[in-house]
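Engineer: As a plain string of letters, each chain reads:
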Amino acid sequence: KNEVEQSPQNLTAQEGEFITINCSYSVGISALHWLQQHPGGGIVSLFMLSSGKKKHGRLIATINIQEKHSSLHITASHPRDSAVYICAVEVGRKLTFGTGTRLTIIP
Amino acid sequence: SQTIHQWPATLVQPVGSPLSLECTVEGTSNPNLYWYRQAAGRGLQLLFYSVGIGQISSEVPQNLSASRPQDRQFILSSKKLLLSDSGFYLCASQRGPPNEKLFFGSGTQLSVL
Chain A
2 KNEVEQSPQN
12 LTAQEGEFIT
22 INCSYSVGIS
32 ALHWLQQHPG
42 GGIVSLFMLS
52 SGKKKHGRLI
62 ATINIQEKHS
72 SLHITASHPR
82 DSAVYICAVE
92 VGRKLTFGTG
102 TRLTIIP
Chain B
-16 SQTIHQWPAT
-6 LVQPVGSPLS
4 LECTVEGTSN
14 PNLYWYRQAA
24 GRGLQLLFYS
34 VGIGQISSEV
44 PQNLSASRPQ
54 DRQFILSSKK
64 LLLSDSGFYL
74 CASQRGPPNE
84 KLFFGSGTQL
94 SVL
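Same order as they appear, the protein sequences are chains A and B.
Counted the way our numbering counts, the first sequence spans residues 2 to 108.
Counted the way our numbering counts, the second sequence spans residues -16 to 96.
Everything labelled a hint here was simulated from the structure, so no lab data went into it.
Not everything, but these chain A residues come out facing chain B in the computed CB check (under 10 angstroms):
#, residue
1, 34
2, 36
3, 43
4, 44
5, 49
6, 91
7, 94
8, 98
9, 100
Cβ pair distances, simulated, as ranges:
#, chain 1, residue 1, chain 2, residue 2, range
10, B, 37, A, 23, 39 to 45 angstroms
11, A, 21, B, 63, 41 to 47 angstroms
12, A, 39, B, 40, 27 to 33 angstroms
13, B, 89, A, 105, 21 to 27 angstroms
14, A, 41, B, 9, 19 to 25 angstroms
15, B, -9, A, 79, 29 to 35 angstroms
16, A, 79, B, 89, 22 to 28 angstroms
The beta carbon of each residue, even a glycine, is placed where N, CA and C say it ideally should be.
Let the sequences and hints guide you as you build the complete structure.
Structural biologist: Structure below.
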């Protein structure tokens, strides 16, 4: 069983919909990262969380340390949000990645 | 903000040939550096990480090696490539200590034929 589980694996939604991607993990962590990977392969860091909630534009990330769960929300989704979203947990200097959620936003 | 330079972007190599992928970092000093591989349709797998010059930790036994000859230079190598080495290789940097934001290079798509 992977230490980091993401759901759903694939998500297709209409433009404007509210999107939620979930990440659950099974170990104690020092931080959790949300990453965005575009079709060309490049990866951008969206958030680094160790507690609570962070917001950047239309993106919101939350984490519940006790429940070992994090969510990434996208409000007013847009086709340019189409990408693979990856959750990664940090234990010491080691990062363990989820397999990603492929998000497709249809105009 | 850090900038990660990674090259080449694509590489096609025959089985048994050597490999050298280079990653250099701008905008920080003494970063933690990482090499990841992403096989087709799969998640990112940590191959090596380094917390300083000459310090390399290997996460997965394999046909690859890594070196850090300078503070902001991280090299992934192989003496003889295998078919199974094909994949998308990413270099990443994280300013120490842990819990800092990650920065990724643009990746190298390696095809071993």
